[in-house]
Amino acid sequence: DSGVTQTPKHLITATGQRVTLRCSPRSGDLSVYWYQQSLDQGLQFLIQYYNGEERAKGNILERFSAQQFPDLHSELNLSSLELGDSALYFCASSHGTSGASSYEQYFGPGTRLTVT
Amino acid sequence: AQSVAQPEDQVNVAEGNPLTVKCTYSVSGNPYLFWYVQYPNRGLQFLLKYITGDNLVKGSYGFEAEFNKSQTSFHLKKPSALVSDSALYFCAVRDISPNQAGTALIFGKGTTLSVSS
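Residue numbers (the working numbering), protein chains in the order written: chain A, 291 to 406; chain B, 86 to 202.
Next up, chain A with everything else stripped away, as it sits in the complex (with noise of 0.2 Å):
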């Protein structure tokens, strides 16, 4: 067990729909990240907050959004979901955005999402 929670762990929704995809980082870490994986696509960066603020992006559509609030969980929202965002949603915290405690990133168990 990596310290890191996500909720749900199943999701099913219909095109068109919003979802919000909850994370709850390891105590004490900082940094929160979150990925997608699919099977086309495997394992990509969406985007990564560092105690309350975005720190960076990667290749996160516009239709989705996330924020870290100040108990530093965080959550991901997809809204106008399309049948190819059927994927799994990793988050993974660390403790902060420098130095070695930064390096490793531990994962959740994902959310896996089926759009209908």
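Hints listed in this document are in silico derivations from the structure and should not be mistaken for laboratory results. Computed from a prediction, not measured in an experiment: that's the story for all the values here. Using N, Cα and C, we set each Cβ at its ideal position, and we do this for glycine too. A hint or two may mislead.
With beta-carbon atoms standing in for the labels, derived distance ranges [unchecked claim]:
| # | chain 1 | residue 1 | chain 2 | residue 2 | range |
| --- | --- | --- | --- | --- | --- |
| 1 | A | K299 | B | I181 | 26 to 36 Å |
| 2 | A | T305 | B | G138 | 45 to 55 Å |
| 3 | A | D291 | B | S201 | 38 to 48 Å |
| 4 | B | S201 | A | G374 | 32 to 42 Å |
| 5 | B | P92 | A | A304 | 16 to 26 Å |
Start from chain A and add chain B according to the hints.
This is chain B only, laid out in the frame that chain A set:
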């Protein structure tokens, strides 16, 4: 741009034999390299990392990796494979693009390791 390549989709090895999972990277500057393992229906688990120092890095579950700067490789190895090592293995490099202030990782496509008894 930074990238990671795992040239083999699948590696098959018999239990007790040594295993190697290959990874090559392309970065500007010094690489920060990682190996993660993913078991079915689970998240990724950190195995080991290379930041600086000895080229041979030891990690969890008896795995080790050898950093080779001249060949831009970071192959994962284990002297004696176990059936329980069967999983999906990812090599990753830290994204140090000029427009990236964070510490995101760039992952390879993954290599499925199958260890037979």
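Okay, the hints, checked on the actual structure:
no. : hint                          : verdict
1   : K299(A) / I181(B): 26 to 36 Å : holds, 33 Å
2   : T305(A) / G138(B): 45 to 55 Å : holds, 50 Å
3   : D291(A) / S201(B): 38 to 48 Å : violated, 29 Å
4   : S201(B) / G374(A): 32 to 42 Å : holds, 36 Å
5   : P92(B) / A304(A): 16 to 26 Å  : violated, 39 Å
Comparing the model with each numbered hint stated earlier shows that hints 3 and 5 do not hold.
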